[in-house]
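Number of protein chains: 2
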Amino acid sequence: MALETSALATDLYQLTMLQCYFRAEMREVATFEFYARRLPPGRNFLVAAGLEQALELLETLHFAPDELEWLARCGHFQPAFVEQLAIWRFAGDVHAFPEGTVFFPDEPLVRVTAPLPAAQLVESRLINLLQFPTLVASKAARCVLAAPGKPLVDFGFRRAHGVEAGLLAARAAYLVGFAGTATVAAGRDFGIPLFGTMAHSLVQACGDEVAAFRNFARACPDNVVLLLDTYDTEEAARIVVRLATELAREGIVVRSVRIDSGDLTAHARKVRRILDEGGLPGVTILASGGLDERKLAELYAARAPIDAFGVGTSLDVSADAPYLECAYKLVEYAGRPTRKRSEGKASWPGRKQVYRNFAANGQMTRDVVTVDDDRQAGTALLQPVMRGGKRLAPAEPLAEIRRRAAGELERLPDGLRSLDAAAPYPVEIAPALRALAEEADARVAALRSAPR
Amino acid sequence: MALETSALATDLYQLTMLQCYFRAEMREVATFEFYARRLPPGRNFLVAAGLEQALELLETLHFAPDELEWLARCGHFQPAFVEQLAIWRFAGDVHAFPEGTVFFPDEPLVRVTAPLPAAQLVESRLINLLQFPTLVASKAARCVLAAPGKPLVDFGFRRAHGVEAGLLAARAAYLVGFAGTATVAAGRDFGIPLFGTMAHSLVQACGDEVAAFRNFARACPDNVVLLLDTYDTEEAARIVVRLATELAREGIVVRSVRIDSGDLTAHARKVRRILDEGGLPGVTILASGGLDERKLAELYAARAPIDAFGVGTSLDVSADAPYLECAYKLVEYAGRPTRKRSEGKASWPGRKQVYRNFAANGQMTRDVVTVDDDRQAGTALLQPVMRGGKRLAPAEPLAEIRRRAAGELERLPDGLRSLDAAAPYPVEIAPALRALAEEADARVAALRSAPR
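Residue numbers (our numbering), protein chains in the order written: chain A, 7 to 458; chain B, 7 to 458.
Next comes chain A alone, as it looks inside the complex (with noise of 0.2 Å):
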């Protein structure tokens, strides 16, 4: 399933813009940063996913001949214009947050130089897959530190926005430490291990669990997971225990069970006794059903019997927070730094680098929020990762993100871990950047004084 890379995958305003700056001949380089306004409410912090599939998007950009005969028809656009966007390309540097990287508000995770025509094309769409994947990720990382050590599982493609949100979601959720996804497309495409069970519609359709079990693990004596709350959840346990001997002889082991309703805690202590009683110490509980952080940490504390969970629609659709106060804003036009002051939405000008603090026992304590070149103590999170419209490496691995996202969650401080709102992390704009602003700010005043 490839990513949808078509350039009219875009607002209509870009386009017209674009149609402004040929015109204007305003080709001088620009930069525009991606950052996050403020954390959604009750969140503590963010994890960045979604660069691989935007650095995919910048080296394939294109206008193919149909779009561009379409633009020339649609009535918004001159031919002259679309004659030139046959040629547009993403040729610009990207410097970004490795996936998997914690970050806070203010911060630039995403940092694109190029011409302006191409650093401005690309703002609907890049935003469009940084937002959401981010999304995700900063919520899998609350499911994950609310189970620790627990296998999460995502099962929400069914309630994803669409095709592409599901596939991101479950790569999302697996970098930032989830054991796998139920979606198939999303094992195939990238890598990530697959998990499945059965649906009620399978126990209604043979009439009851006998027939059901029966029939499902044989079928797939491999990954006997059979589902227990169709009609009954502690007799459907009970069936479970009379069929594993019967399976047994057969030679298929029955692996695990589900339940998906109800009191989960209550029920899964009623099927561990009865599995247990019934000799199947072995057979392990997967839960599912309205999970989410809130409701995991729940169990874990009350030491459910649970062995795995299945998250799904929350997870897939960030439910407490289904979108991000973020921007791609204009920092830097033809080497002159730049910010809007829109009320409430004043951003940062020129460009930038983040630099992180670390205390002895390895925790971050502090960030510091600079222009590029004003050097400062701590580790710089912004890396180049595109010159020129190519990615200075390949893909990274999800291995190796799924490690650096464990080791970002070790070094967040004890508060931010919490479920609950803590006291904010310590982002500092540092004096050159606030140099910078004032600079800006009376730039425009000058030009808004002079006579034209």
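Treat each hint with caution, since some may be false.
Pairs involving identical chains hold if they fit within one copy or between any two copies, as the list cannot separate such chains.
Claimed, not checked - Only pairs whose alpha carbons sit at most 25 Å apart, straight line, appear in this in silico SDA-like list of lysine to any residue: (1) K301 / A333; (2) K351 / A303; (3) K301 / P47; (4) K156 / F364; (5) K351 / D326; (6) K156 / D269; (7) K351 / A308; (8) K276 / S455; (9) K351 / A310; (10) K301 / P46; (11) K301 / D238; (12) K301 / R33; (13) K351 / T290; (14) K351 / A340; (15) K301 / D326; (16) K351 / G296; (17) K301 / A327; (18) K351 / S262; (19) K276 / P311; (20) K351 / G288; (21) K301 / G350; (22) K276 / E445.
No lab work stands behind these hints: they were computed from the structure.
Assemble the complex: chain A is given as a structure, and chain B must be docked to it using the hints.
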């Protein structure tokens, strides 16, 4: 941009269940129904959308050679099963509420009848394609009700969850009454009117509004919409007044201005006065920036002099209700009605029909959900749309769906038009359906108590 129709865009368990159905020779006719379990908090109704894409999926879904190859070697399936998938096609029947129909919980808006392996396999993607457009159409309908007569434009692509979500959101909003979208691909693919303005980056790159407005107006003289809030909204409005005369001499008419931040009512009033006093009463005001149905209602109630609105993020992610408690459930197999009884998630068995009744003034008064052959008073909402895998009619023109949706919103009982939760609309479960549920439960009980 073609709809993604890969057969691997599904959950693993659909395929393992199919392996079971094939092995157990379970190929009898099954009926599944898609319905909402409950309304999202604070909502009074839903609007059906997404059927067109769902039917497109059912008509075209198949396993491509490379997908079969991958399935054969992924380790989850037996070779004989994968061979059978090569000829898998959906050749079933579909009944559905036409798009744009208002509906309520427990009402099946799509009913699929096909051999079990066909009806089962489509579950994940069918939910994926129906849930999200329905969410956006329902949210968009609230926006339309909140600002009657005001043109609304979808500005949400960048924060939609992926490209497919952005396209489907543009379509769903348009079909319930939005004037159009900024998403170019939605204009091309669905023929939705496109609207666009300019971004702050253009003003910043040009240095100030004087240069930016001149450049833009000359480059796009047919669609001069000028953005006011990059630095100072009212000062920018005064620049518009000064430039309008100069541009008029070049034959260029300033059509509109946009305000994107701050107190929109206060700014709109000041800007309106500046424009009127500057001799520009015909220049309209477009407002955007964090709008949703509640903010639209406030602006409308305040009689803010705003002529049109851009509604973005909150629409495209259905921010207050980013998912719908919905399901696609087996209701009949091999002539036997069936239902699951999972706690809190029990479903109604059997093939159903929904009848809607209206008052003399045309308002809808009461729906009855019953078994398919239990004729009730009122209009039957489920209509045949596909037989044997083929549609019964070509894709419905969006103009037609828009007319229907407008009529539906007209016929909503007054209480339900409120943005706040009202007394629920009466949806009755007919006695015949209750009797069928008892019958289905009795059959399962009998099966379970029989010696096996």
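Now for the hints, and whether the structure bears them out:
Proximity of K301 and A333 under a CA criterion of 25 Å is satisfied inter-copy only: 21 Å between copies versus 31 Å inside one chain copy. Taking the shortest Cα distances, K351 and A303 sit within 25 Å of each other only across copies (23 Å), while inside one copy they are farther apart (35 Å). Taking the closest pair of Cα atoms, K301 and P47 come within 25 Å of each other both inside a single copy (18 Å) and across two copies (19 Å). With identical chains, the CA atoms of K156 and F364 are never at most 25 Å apart, being 28 Å at best within one copy and 53 Å at best between copies.
In the homo-oligomer, the alpha carbons of K351 and D326 lie at most 25 Å apart both inside one protomer (22 Å) and across protomers (22 Å), since each shortest distance falls under that limit. For a Cα distance limit of 25 Å, the shortest separation of K156 from D269 inside one copy, 19 Å, qualifies, whereas the shortest one across copies, 47 Å, does not. Within a single copy, K351 and A308 get their C-alpha atoms only as close as 43 Å, which misses the 25 Å cut-off; across copies the closest is 24 Å, which meets it. Taking CA atoms no more than 25 Å apart as the test, K276 paired with S455 passes between copies only; the shortest distance there is 21 Å, against 77 Å inside one copy.
When the C-alpha separation of K351 and A310 is checked against a cutoff of 25 Å, the pair qualifies only between copies, where the shortest distance is 22 Å, while the shortest distance within a copy is 45 Å. Proximity of K301 and P46 under a CA criterion of 25 Å is satisfied in both settings, with 19 Å inside one chain copy and 19 Å between copies. Taking the closest pair of Cα atoms, K301 and D238 come within 25 Å of each other only inside a single copy of the chain (22 Å); across copies the shortest separation is 46 Å, beyond that limit. Proximity of K301 to R33 under the C-alpha cut-off of 25 Å is found in neither arrangement, the shortest distances being 52 Å within a copy and 39 Å between copies.
Taking identical chains as interchangeable, the C-alpha atoms of K351 and T290 lie at most 25 Å apart only when they sit on different chains, with a minimum of 24 Å there against 50 Å within one chain. Taking CA atoms no more than 25 Å apart as the test, K351 paired with A340 passes inside one copy only; the shortest distance there is 23 Å, against 60 Å between copies. For the identical chains of this complex, K301 and D326 are neighbours both inside a copy (13 Å) and across copies (20 Å), given an alpha-carbon limit of 25 Å. Taking CA atoms no more than 25 Å apart as the test, K351 paired with G296 passes between copies only; the shortest distance there is 11 Å, against 35 Å inside one copy.
When the C-alpha separation of K301 and A327 is checked against a cutoff of 25 Å, the pair qualifies both within a copy, at 16 Å, and between copies, at 19 Å. In this assembly of identical chains, K351 and S262 lie within 25 Å of each other by CA distance solely across copies; the values are 22 Å between and 51 Å within a copy. Taking the shortest alpha-carbon separations for K276 and P311, only the intra-copy value of 9 Å comes in at or below 25 Å, while the best inter-copy value is 63 Å. With identical chains, the CA atoms of K351 and G288 are never at most 25 Å apart, being 56 Å at best within one copy and 29 Å at best between copies.
With identical chains, the CA atoms of K301 and G350 are at most 25 Å apart between copies only, with a shortest distance of 17 Å across copies and 34 Å within one. For the homomeric pair K276 and E445, neither the shortest alpha-carbon distance inside one copy (68 Å) nor that between copies (29 Å) is at most 25 Å.
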